[in-house]
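Those protein sequence lines, which keep their order, are chains A and B. Sequential numbering from 1 applies to the first sequence in UniProt numbering. Sequential numbering from 1 applies to the second sequence in UniProt numbering.
The hints are simulated quantities; they were obtained by calculation from the structure and are not laboratory data. As the structure is a computational prediction, the values presented were derived from the model and not from experiment. It is possible that part of the hints are untrue.
Just some of the chain A residues that point at chain B, by a computed CB distance under 7 Å [stated by the list, open to error]: (1) N155; (2) G165; (3) P167; (4) L262; (5) P264; (6) F265; (7) R266; (8) S322.
Quick reminder that beta carbons are idealized off the backbone N, C-alpha and C, glycines included.
Protein chains: 2
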Amino acid sequence: MAEPVLRSFVAAANAPDCDFPIQNLPYGVYSRAGGAPTCGVAIGDMIVDLAACEARGLIEAQGTFSSPRLNDFIALGRPAWDKVRADLTRLLAEDANPDLPLVPMAEATMHLPIEVTEFTDFYASKNHAFNVGVLFRGPDNALPAQWTHMPIGYNGRASSVVVSGTPLHRPMGQLKGESGPVWGPCRRLDLELELGAIVGGETELGTRVSVAEAEAMIFGYVLLNDWSARDVQAWEYQPLGPFQAKALGTTISPWIVTSAALEPFRCAGAERVDPLLPYLQEERPGLYDLTLGWTMNGQTMAETNYNVMYYSSAQQLAHHTSSGCPMRVGDLLGSGTISGPSVEETGALLEMTKGGKSPVKVGEAERTFIEDGDEIGLYGFAKGAGYRIGFGPCTGTILPAKE
Amino acid sequence: MAEPVLRSFVAAANAPDCDFPIQNLPYGVYSRAGGAPTCGVAIGDMIVDLAACEARGLIEAQGTFSSPRLNDFIALGRPAWDKVRADLTRLLAEDANPDLPLVPMAEATMHLPIEVTEFTDFYASKNHAFNVGVLFRGPDNALPAQWTHMPIGYNGRASSVVVSGTPLHRPMGQLKGESGPVWGPCRRLDLELELGAIVGGETELGTRVSVAEAEAMIFGYVLLNDWSARDVQAWEYQPLGPFQAKALGTTISPWIVTSAALEPFRCAGAERVDPLLPYLQEERPGLYDLTLGWTMNGQTMAETNYNVMYYSSAQQLAHHTSSGCPMRVGDLLGSGTISGPSVEETGALLEMTKGGKSPVKVGEAERTFIEDGDEIGLYGFAKGAGYRIGFGPCTGTILPAKE
Numbered sequence: 001m002a003e004p005v006l007r008s009f010v011a012a013a014n015a016p017d018c019d020f021p022i023q024n025l026p027y028g029v030y031s032r033a034g035g036a037p038t039c040g041v042a043i044g045d046m047i048v049d050l051a052a053c054e055a056r057g058l059i060e061a062q063g064t065f066s067s068p069r070l071n072d073f074i075a076l077g078r079p080a081w082d083k084v085r086a087d088l089t090r091l092l093a094e095d096a097n098p099d100l101p102l103v104p105m106a107e108a109t110m111h112l113p114i115e116v117t118e119f120t121d122f123y124a125s126k127n128h129a130f131n132v133g134v135l136f137r138g139p140d141n142a143l144p145a146q147w148t149h150m151p152i153g154y155n156g157r158a159s160s161v162v163v164s165g166t167p168l169h170r171p172m173g174q175l176k177g178e179s180g181p182v183w184g185p186c187r188r189l190d191l192e193l194e195l196g197a198i199v200g201g202e203t204e205l206g207t208r209v210s211v212a213e214a215e216a217m218i219f220g221y222v223l224l225n226d227w228s229a230r231d232v233q234a235w236e237y238q239p240l241g242p243f244q245a246k247a248l249g250t251t252i253s254p255w256i257v258t259s260a261a262l263e264p265f266r267c268a269g270a271e272r273v274d275p276l277l278p279y280l281q282e283e284r285p286g287l288y289d290l291t292l293g294w295t296m297n298g299q300t301m302a303e304t305n306y307n308v309m310y311y312s313s314a315q316q317l318a319h320h321t322s323s324g325c326p327m328r329v330g331d332l333l334g335s336g337t338i339s340g341p342s343v344e345e346t347g348a349l350l351e352m353t354k355g356g357k358s359p360v361k362v363g364e365a366e367r368t369f370i371e372d373g374d375e376i377g378l379y380g381f382a383k384g385a386g387y388r389i390g391f392g393p394c395t396g397t398i399l400p401a402k403e
Numbered sequence: 001m002a003e004p005v006l007r008s009f010v011a012a013a014n015a016p017d018c019d020f021p022i023q024n025l026p027y028g029v030y031s032r033a034g035g036a037p038t039c040g041v042a043i044g045d046m047i048v049d050l051a052a053c054e055a056r057g058l059i060e061a062q063g064t065f066s067s068p069r070l071n072d073f074i075a076l077g078r079p080a081w082d083k084v085r086a087d088l089t090r091l092l093a094e095d096a097n098p099d100l101p102l103v104p105m106a107e108a109t110m111h112l113p114i115e116v117t118e119f120t121d122f123y124a125s126k127n128h129a130f131n132v133g134v135l136f137r138g139p140d141n142a143l144p145a146q147w148t149h150m151p152i153g154y155n156g157r158a159s160s161v162v163v164s165g166t167p168l169h170r171p172m173g174q175l176k177g178e179s180g181p182v183w184g185p186c187r188r189l190d191l192e193l194e195l196g197a198i199v200g201g202e203t204e205l206g207t208r209v210s211v212a213e214a215e216a217m218i219f220g221y222v223l224l225n226d227w228s229a230r231d232v233q234a235w236e237y238q239p240l241g242p243f244q245a246k247a248l249g250t251t252i253s254p255w256i257v258t259s260a261a262l263e264p265f266r267c268a269g270a271e272r273v274d275p276l277l278p279y280l281q282e283e284r285p286g287l288y289d290l291t292l293g294w295t296m297n298g299q300t301m302a303e304t305n306y307n308v309m310y311y312s313s314a315q316q317l318a319h320h321t322s323s324g325c326p327m328r329v330g331d332l333l334g335s336g337t338i339s340g341p342s343v344e345e346t347g348a349l350l351e352m353t354k355g356g357k358s359p360v361k362v363g364e365a366e367r368t369f370i371e372d373g374d375e376i377g378l379y380g381f382a383k384g385a386g387y388r389i390g391f392g393p394c395t396g397t398i399l400p401a402k403e
């Protein structure tokens, strides 16, 4: 007989398609009209006010939940994460005392959940790396020689990370023209469907971590849209990598789904082409069985799974420390665009439209890249027995360029 | 008749080869045995205790000098910078009241002067870009097509920035082997002689600044050694740029020489090959006549001038905001390696030894790249009439790899 599914006294949390059942308990930062941002946990259609819970002696987090960012709580470490999760699971259960400080989600404004100390973006979907490589460099040089040996990554710009719902202006930029470069609005604006890992531990300069240690350092995950100006990128990116093409904004979902909530969905990733060097080898599978997709103006455009990835966030984090690079609480690691093998599974328009050559239908309209006024949404969830672990919305609308 | 040179009652400041005359007044963070780090200004062989000065009502900075970082003071903006500079110039003059809180430099430990919010490194010496391009890609593809049109840059890792004197371990890394990659200590460890600009203002997401506005936002400059693992770099850097090759550490000098102190040395940079797009054009010359050099184990290896650069820090900062990327107080912008045309003017061993093919003499020894125990020092100064504006030391010693 199957174990009965754990339920909450918050009724909305028990609907099978609710993103925030009692099994999830993602962390975020919210405010109400006139109030200061504070930390909360999502349950159904409500938010648990964590600072108020601690003030009532229901949970214990050294006062860190009064902060407008989750960094201080995260810095307490995994024993604190585990204790608060266990206490909230007990407090929110169907038969628990319902006298909890709950705030309707509908009354809350969500904020960036962490102060992003630094942002690194990787490139870990083989389908994406190959498809984009073909478009930028042709099929012979599509997949770089080191791709199957290391998680290729680059440092992004932390100051440009914004929370879901923040509108972004189409960027201006330097573009390649017929006779030399021109200045103008980006004409090939794209999204990138990614998962972002939140680093929850510190390392010292000169210290490396193993994949197992790295895994233990990851607090949780958000959806991440790494907006990309493809025409700016094509002109600027050699030899030092993408720079202004990726600095117009990176949108993350407001709720951090914890590693603990995703644990039941652990699975292997893409098949290895080459054996990895020992420092990148995993003791156990490091991906999650997570459905991920994206929408344009409400229409689902593509859907794939996180398990197509070749490298896990733990492998990326271990590689990130391979030189002795110090990591800090609040570092954000983008997985890289998540694309499956078919066009219906592509996490970027560049791939989906073959570099703008094959337009796609969006309702009655056609698109090669993002137009002004378009809203892009990401979604993601893991499917359990009778419940799902969801990320909630991660949306952004593109406003006209400020010329 | 020439104007008499301004002198200080701190005698050591009046020596013509002193880095810290009354015309300089660079900012730093120091501590004394058992004390907390606090902000100071260098004068001769002494440090002015700025928090104590403010406590005595001699200067005014809203209490920001008690901080262990200069970010809060810098955030007050240029009027505050100008007022404190003017007050200190008066207080430290030869005929001034000598009852100032002065600390002997010999008793002080220097700290990182700012919390580095983010670190960006550019690539603005044409000699360096060409020389390195030849080594990495051959002479035909040496200088990228966009190089003369935009300041190429990439995001570095802020967490790995350390203050002068911090020893660094040779990094381990993934290297290209005969039959696939191998794991091992870096064999081609290099320095990069750079100047680092400290951003002293904020911009909002979606906002661009002109070159003139960018110039006004720069608080000052430090010497910057962007240590580079060339073998790691060669294997990892395509297509997304350098990553772990540059994350083993970046050393900066402890004293921030202000834009105000460098103003008399303003000059033009390298001759333009192509006209710049309007957003990068300068109303006035943006480089400085600054002698810059580096030493290995005490021996001067190369000396060049900041005026060889093709782009100024102000142009780099303006470009950095071209996409609408937000900038913050404490952002550090590396100029890129500063190399003149001849081998005696090269700011990196990679160039000096032609990729390791032409060893150089260091005393009785030979070097192609940095060996364990080697100490690299950077120096820099502008030469005025009867004084010089110096940066003080910027040193680092390489310790063996932690295998």
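- Closer than 7 Å between Cβ atoms is the bar; does L262(A) clear it against chain B? Give me holds or violated. 26 Å, violated
- Message: Quick check on the hint: P264(A) CB to chain B CB, less than 7 Å?
- Response: Nearest chain B Cβ about 33 Å off; hint violated.
- Message: Next item in the hint list is N155(A). Is there a CB on chain B closer than 7 Å to its CB?
- Response: Holds. Min distance 4 Å.
- Message: For the restraint on R266(A), tell me whether the closest CB of chain B is nearer than 7 Å.
- Response: 26 Å, violated
- Message: A closest beta-carbon separation below 7 Å is what the hint needs, so does G165(A) meet it against chain B?
- Response: Violated, about 14 Å.
- With a cut-off of 7 Å, does the beta carbon of P167(A) approach a beta carbon of chain B closely enough for the hint to hold? Given a least distance of 9 Å, the restraint on P167(A) is violated.
- Message: Restraint: S322(A) near chain B, CB-CB cut 7 Å. Satisfied or not?
- Response: This hint holds: S322(A) lies near chain B, its Cβ roughly 5 Å from the closest one there, short of 7 Å.
- Message: So, as I understand it, the hint says F265(A) touches chain B; can you test that by seeing if any CB pair is closer than 7 Å?
- Response: 29 Å, violated
Checked against the numbered hints listed earlier, the structure breaks hints 2, 3, 4, 5, 6 and 7; every other hint is satisfied.
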